[in-house]
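**Student:** We have chain A already, so just place chain B on it with the hints.
Residue numbers (our numbering), protein chains in the order written: chain A, 143 to 441; chain B, 8 to 284.
In case anyone wonders, no lab produced these hints; they're calculated from the structure.
Remember, it's a predicted structure, so these values are computed and weren't measured experimentally.
Heads up, the beta-carbon is just placed ideally off N, CA and C, and yes, glycines get one too.
One or more of the hints may lead you astray.
[Claimed, not checked] Okay, the calculated beta carbon distance ranges per label pair:
#	chain 1	residue 1	chain 2	residue 2	range
1	A	239	B	71	20 to 28 Å
2	A	160	B	186	26 to 34 Å
3	B	193	A	341	39 to 47 Å
4	A	160	B	74	35 to 43 Å
5	B	273	A	170	19 to 27 Å
6	B	273	A	155	32 to 40 Å
[Claimed, not checked] Covered stretches of chain A (in silico footprint by chain B; criterion: 3 or more residues with CB under 8 Å from a CB of chain B, positions within the stretch not fixed):
#	segment
7	215-222
8	264-277
9	332-343
10	351-357
[Unchecked claim] Short, incomplete list of chain A residues facing chain B, as computed with Cβ under 10 Å:
#	residue
11	261
12	400
13	403
14	420
15	421
16	422
17	425
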Amino acid sequence: MSERRSKSFYLLATFFLAYVLFLYGPMFAIFVLSFQGPEGGLTFPMNGVSLHWFYKVFSGGGIVDIGASFKRSLSLGLLVTVLTVVLSVGAGMAFRRKFIGATVLFYTAIASLIMPSIITSLGIALEFRLIDDLINHFGPEYHWSWAENWTTAMGLYTSGLGAHLTWTLPFGLLIMFAIFNRFDHRLEEAARDLGASHWQVFWHVILPLILPSVVGIGLFGFTLSWDELARSSQAIGSVNTLPLELQGLTTTVTKPDIYALGTLTTAVSIVVIISALLIIRFLQKRQARFGSDAGQGMV
Amino acid sequence: MMLVFGLFFLLPLVLVVIVSAWDYNEYEMLPGFSFRGYTDTFEGCLSDWPNICTIFKTYLKTLKLCFITWVLTLGIGFTLAYFLAFHVRSITWQITLSLICTIPFWTSNVIRMIAWIPLLGRNGVVNQGLMSIGAIHEPLEWLLFSEFAVILAFVHLFTFFMVVPIFNSMIRIDRSLIEAATDAGASSWQTLINVIIPLAKPGIVIGSIFVITIVMGDFVTIGVMGGQQIASAGKIIETRLNALQFPAAAANAVILLGATIMIIMGLSRLVDIRKEL
Chain A
143 MSERRSKSFY LLATFFLAYV LFLYGPMFAI FVLSFQGPEG GLTFPMNGVS
193 LHWFYKVFSG GGIVDIGASF KRSLSLGLLV TVLTVVLSVG AGMAFRRKFI
243 GATVLFYTAI ASLIMPSIIT SLGIALEFRL IDDLINHFGP EYHWSWAENW
293 TTAMGLYTSG LGAHLTWTLP FGLLIMFAIF NRFDHRLEEA ARDLGASHWQ
343 VFWHVILPLI LPSVVGIGLF GFTLSWDELA RSSQAIGSVN TLPLELQGLT
393 TTVTKPDIYA LGTLTTAVSI VVIISALLII RFLQKRQARF GSDAGQGMV
Chain B
8 MMLVFGLFFL LPLVLVVIVS AWDYNEYEML PGFSFRGYTD TFEGCLSDWP
58 NICTIFKTYL KTLKLCFITW VLTLGIGFTL AYFLAFHVRS ITWQITLSLI
108 CTIPFWTSNV IRMIAWIPLL GRNGVVNQGL MSIGAIHEPL EWLLFSEFAV
158 ILAFVHLFTF FMVVPIFNSM IRIDRSLIEA ATDAGASSWQ TLINVIIPLA
208 KPGIVIGSIF VITIVMGDFV TIGVMGGQQI ASAGKIIETR LNALQFPAAA
258 ANAVILLGAT IMIIMGLSRL VDIRKEL
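So that you can see chain A by itself, here it is in the shape it has in the complex (with noise of 0.2 Å):
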């Protein structure tokens, strides 16, 4: 490298600019089209500035119910949420030692975020049928009360939820992977030498050093599970979550509103983001506020 900027320098700069605006181009494209009055269509020009078709998202009119689909997502996405968080650091942790089964879980974690989702929710449509066909068929037999009525076990927070884990656990623990990295262990040691049990130097220790990360894996879960469609479509049963919404809706809907709909659910992401973002930087500075240097090997 030499110490000037060379040519290749302004070169790369260029390409690189150039796919940020290729990445935020369309996007922009929408979101000001969201604004189009309400004679307006799907593309440019705009015709008049309103806020018509948000009203019209909210109103319900035209479109199959949103605001249930919205609130399915976000209760699911919280869930998916707090269990990926628990599991992940606990995984994490169990993985600082060898243990039985360490090789295959990691090797089934990495499968299953790279198996093709179709595959995974296929999968899970089968199992719930299967376990479906199989209540109904004993239910009868041995008098189980609760099968008399039996539909079906798939649902939101059943299948789905095993769905949306299959997707956000593996994040979760390559996350957790990356903290454990860089983890300086001698602190730990030191609060050992200190007399403190294990549950106390994972809760005074261990867990408020990884915090920051922690938010991240949270972060991660529920924007990965809130944008979630390929794992869910077959999987979550009758009801739809809002990106399936969204897909269904891309065949059928000629009007903004689509895009109104897209402008929300993305505005929902950048506040969760963006409030993850501020809780791990007021942690950092705790941190640095309380912890002497402790937290300056964390990032």
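**Tutor:** Relative to the frame of chain A, chain B by itself:
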């Protein structure tokens, strides 16, 4: 965690394989051994020989899409990672620039696909622009709902999956190696080919695995951007499912899985994933 994976990942996979060898009729699956899922899938492959049958055509098309996407994302991803790793000097800038690239990744893929409509549509920005400067007289029809649109969307959505692992490999390269190469008289081009690319290979492989597996199994992007007209390996499964032909869908899933595993095995020969994380 193992329980979750077992219940929602491993068991479903096993069931896919089992059910793929079941029989079926118009509306339900019938337990019992049968290769009908497979024979239906390959229908016409023998009788129409040497013409290529539908399933092979579909897979060839999927592989073609996959290959083009792979080349483009690799080229663009490598260049971006190279810029970030070697030309951006301060860590703050590296983080800021990566964050800028990551933010769109956190919004819905469907929305990022829809976003192309106002640009590429019949009355979209591109067509209007080209017509106003007189380059074309009729709007271009192939911009949206075509293979071009599908590939464009893939590149748009997944290039960053390539950037992250390659960047990760690149920042681990010892700078003194590059200095040594320069001192030994290598041009920057030679350094790139002989030093940086071999050392960044793990990242390249991991990124490639990501992109290829996503594209191989994709049915959403192809559906939306292809106007539900283009067939692909993932789309077959979806179509079969909508027709409630579960064993046939499962058979297709097994075939897709086999194809994907072969590609991954070929790639992972080149690198040990566990060591890189």
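**Student:** So which of those numbered hints doesn't the model satisfy?
**Tutor:** Structure breaks hints 1, 3, 4, 5, 7, 9, 10, 14, 15, 16 and 17.
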